[in-house]
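Let the hints inform the model, and build the full structure from the sequences given.
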Amino acid sequence: MSAHAVTNLSRRERWRTRVSESLFLTILDRLFRNSQGVVGLLGLGILVVLTVGAGVITWHEPNAQDAASRFLSPSLEHPFGTDHLRRDLFARTLFGLRTSLGVALLAVTGGATVGICVGFVTGYAGRWADALAMRVIDAMLAFPNLLSALAVITILGPSARNVAIAIAIYNIPVFARLSRAQMLSEKHRDYVQASRSIGAGPVRLIFRHIAMNAMPPLLTQVALSMAVAVILEASLSFLGLGQQPPAPSLGTLISGSRSYLREAWWLAVFPGAFLALLLLSLNLLADAVNEAMSPWVRRKA
Amino acid sequence: MLSYLMGRLVQAIPVLIIASIAVFMVLRLVPGDPAASLAGEEATPERVAEIRELLGLNDSLPVQYVRWVTDALQGDLGTSFKTGQAVTKQMRHALPPTVELALVAYPLALLIGIPLGVAAGIRPRGWFDWGLSGYTLVTLGIPNFLLGILLIWLFSVSLGWLPAAGRVPLMEDPATALKQLILPSLALGSGLAAGLARYTRTSIQETMGQDFIRTARAKGLREYTVVVRHGLRASMIAVITIIALQVGQVLAGAVVIEQVFTRPGVGRLIIDSIHFRDYPVVQGTLLVLVFVFVLVNLAADVAYGLLDPRIRRA
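The listed protein sequences correspond, in order, to chains G and P.
Taking numbering that gives the first Met the number 0, the leading residue of the first sequence gets 0, the next gets one more, and so forth.
Taking numbering that gives the first Met the number 0, the leading residue of the second sequence gets 0, the next gets one more, and so forth.
Derived from the structure by calculation, the hints contain no laboratory data.
Keep in mind that the hints are not guaranteed to be accurate.
Far from chain G by the CB rule (all over 12 Å, computed), these chain P residues [claimed, not checked]: (1) Asp-128; (2) Asn-143; (3) Ile-212; (4) Arg-221.
Some chain P residues well away from chain G (every beta-carbon gap over 12 Å; in silico) [said to hold, decoys possible]: (5) Ala-21; (6) Thr-43; (7) Leu-54; (8) Asn-57; (9) Val-68; (10) Thr-87; (11) Pro-168; (12) Gly-190; (13) Gly-208; (14) Gln-209; (15) Val-227; (16) His-229; (17) Ala-251; (18) Asp-277; (19) Asp-307.
Now the stretches of chain G that chain P is said to cover, found in silico as 3 or more residues with beta-carbon under 8 Å [as the list claims (entries may be wrong)]: (20) 134-142; (21) 232-243; (22) 264-275.
All C-beta atoms in this analysis are idealised placements derived from N, C-alpha and C, irrespective of residue type, glycine included.
Rendered as structure tokens:
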């Protein structure tokens with residue numbers, strides 16, 4: 000349907016047309032029509048607001064040892080109680096969440112960008128570049144995710160930034176393999192031949208034409224990878240290899256609670272609940288994205 | 000079958016070689032001179048040079064790699080910087096606690112996951128299916144180490160029923176050893192069981208809609224025979240794939256769970272070695288774990304061929 004044909008339609012109908020013509024608007028539209036998607040978006044939205052606004056929401060510094068006493072149970076002054084160093088757990092949880100979300104977001108963005116480029120280019124080029132890349136990707140995937148991250152942390156040393164790099168590196172082969180498969184199924188299609196015949200170069204073909212059509216499964220993978228990245232970040236911080244004290248991360252908070260379970264149950268429960276809410280939201284969202292994408296995936300199959 | 004087998008084996012070799020190069024490079028990429036860190040703070044330059052020579056660090060990288068791999072294949076993974084012991088000796092001490100944990104946790108996951116998946120798959124939207132959805136949601140939200148902490152809080156600290164930490168060898172004191180294994184196994188196994196159940200459910204559901212199941216029912220077979228002998232067997236390929244992949248999660252999960260329950264296993268060995276910058280130990284342990292994972296996946300490929308004649312002839 001061309002743009003001129005819709006001028007007589009109502010505003011609502013025009014909007015529907017617009018939505019149906021844009022991949023991203025359609026996906027968003029379907030996410031809002033899916034109860035899992037709504038719950039996931041809502042949960043994630045609340046957490047993002049809490050962590051971005053942490054400086055305004057809480058009146059305590061996350062690292063200040065200024066509470067009246069250690070191990071205060073939850074109260075109005077300290078909604079989540081205080082820890083063994085008289086720090087406010089509510090502030091530490093909100094700022095810890097910031098680390099977890101930030102690291103995961105950076106890691107997935109970085110890993111997906113590099114991985115997709117590698118997958119597209121080698122898949123398009125084929126021949127020895129593709130064969131070589133596939134062998135390396137297979138070998139990288141031979142490392143279970145945590146072990147691959149451990150190898151990178153061994154080289155770079157423990158820190159939140161290096162955890163982000165480690166998770167990004169783990170994500171490279173994941174995205175490279177998926178985008179290569181997409182490229183292989185797209186590159187011989189008619190529209191690619193057509194663009195090539197009117198003189199489009201490889202860069203334009205890959206990133207302007209094929210990439211747009213190969214996107215849906217990659218977006219689902221982004222949502223899934225976010226959940227995996229959050230678990231990895233939390234696990235590595237839990238092992239003492241991520242965010243270094245005194246700065247908090249959900250993983251270090253949970254790990255720190257282990258010695259004081261008898262005195263202060265809240266040290267484990269509140270950061271744990273935040274981590275659980277974050278993971279659930281991401282998983283529900285991943286499911287909903289996957290469902291929103293499935294017509295495209297089916298059309299390709 | 001033999002040519003199928005050889006084909007899979009040939010495909011695994013480049014993976015093993017590249018993975019071993021990656022592990023080998025860990026020690027070469029760390030900042031600083033391994034010889035200097037081994038010699039200690041106040042070592043003379045002569046002593047450092049001597050150690051460099053001893054470690055063979057003056058040779059070219061390919062020469063070093065070949066020597067490292069040849070040694071590794073002969074069971075020599077180098078010497079720990081920290082203790083001066085052979086890495087293989089340290090691993091021999093660290094393996095039993097990890098193997099015990101894996102051998103209790105994973106069969107537990109299989110025992111819960113597969114029957115639950117079958118029960119949910121043959122009656123979609125039935126009781127078991129709803130139960131599985133709830134169980135899946137809980138395990139997706141609670142990662143293994145958090146579950147471990149919560150289990151300690153409930154069963155060790157509040158109720159005092161089970162120990163929160165420690166490990167005695169299974170052979171010396173089976174009763175205590177099993178008590179110490181219950182919580183770690185639950186923490187490690189629950190998530191894996193949910194994953195298994197989900198895959199089994201999907202696979203069974205697909206299988207049960209196929210013609211040969213209708214035929215089996217039409218022959219008048221008992222429902223149990225239809226599900227187990229016909230349905231489950233045809234779904235085994237998918238289930239074995241997920242089992243092989245989950246072995247990686249068992250290995251990685253054990254690293255974290257050993258830290259939660261202070262079990263002196265391979266996981267603690269790796270983490271302690273990373274903190275102490277004891278690189279040869281990290282390297283040797285990673286190499287062994289990755290090889291185990293690749294070999295398990297190779298075994299899964301072989302199992303496909305055994306289970307499904309169509310695959311080995313393709």
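Status of each hint after checking the structure:
Its beta-carbon lying about 16 Å from the closest one in chain G, Asp-128/P satisfies the requirement of being farther than 12 Å from that chain. Not every CB of chain G is more than 12 Å from the CB of Asn-143/P (nearest about 8 Å), against its label as outside the interface. With a minimum CB-CB distance of about 24 Å to chain G, Ile-212/P clears the 12 Å threshold, and the non-interface call stands. The Cβ of Arg-221/P lies farther than 12 Å from every Cβ of chain G, with a closest approach of about 36 Å, so its non-interface assignment holds.
A cut-off of 12 Å between C-beta atoms contradicts the statement that Ala-21/P is not in contact with chain G; the least separation is 7 Å. The Cβ of Thr-43/P lies farther than 12 Å from every Cβ of chain G, with a closest approach of about 27 Å, so its non-interface assignment holds. Remark: the non-interface label on Leu-54/P is consistent with the geometry, its nearest Cβ contact in chain G lying 18 Å away (cut-off 12 Å). The non-interface label for Asn-57/P is consistent with chain G: the shortest C-beta to C-beta separation is roughly 22 Å, beyond 12 Å.
The claim that Val-68/P is not at the interface with chain G holds, since no C-beta of that chain comes within 12 Å of its own (minimum 14 Å). The beta carbon of Thr-87/P is kept farther than 12 Å from every beta carbon of chain G, the shortest such distance being approximately 19 Å. For Pro-168/P, the non-interface assignment is confirmed: its Cβ lies about 24 Å from the closest Cβ of chain G, beyond the 12 Å cut-off. With a closest Cβ-Cβ approach of about 10 Å to chain G, Gly-190/P is found to fall inside the 12 Å limit, against its non-interface label.
For Gly-208/P, the condition that its CB be more than 12 Å from all CB atoms of chain G holds, with the nearest at approximately 18 Å. Non-interface status of Gln-209/P relative to chain G is upheld: no Cβ of that chain comes within 12 Å, the nearest being about 19 Å off. Non-interface call for Val-227/P relative to chain G: holds, since the shortest CB-CB distance, roughly 30 Å, exceeds 12 Å. Separation of His-229/P from chain G is adequate, the least Cβ-Cβ distance of about 27 Å exceeding the 12 Å criterion.
A Cβ of chain G approaches the Cβ of Ala-251/P within 12 Å, the least distance being about 4 Å, so the stated non-interface status is violated. With a cut of 12 Å on Cβ distances, Asp-277/P falls inside the contact zone with chain G, its closest approach being about 10 Å. The Cβ of Asp-307/P sits about 22 Å from the closest Cβ of chain G, beyond the 12 Å cut-off, so the non-interface label holds. Requiring three or more residues with a Cβ within less than 8 Å of a Cβ of chain P, the coverage given for the region 134-142 of chain G holds, as 7 such residues are present.
Residue count for the region 232-243 of chain G with a Cβ under 8 Å from a Cβ of chain P: 6. That meets the three needed, and the coverage hint holds. Figure legend: the region 264-275 of chain G, annotated as covered by chain P; annotation consistent (5 residues with Cβ-Cβ distances under 8 Å, at least 3 required).
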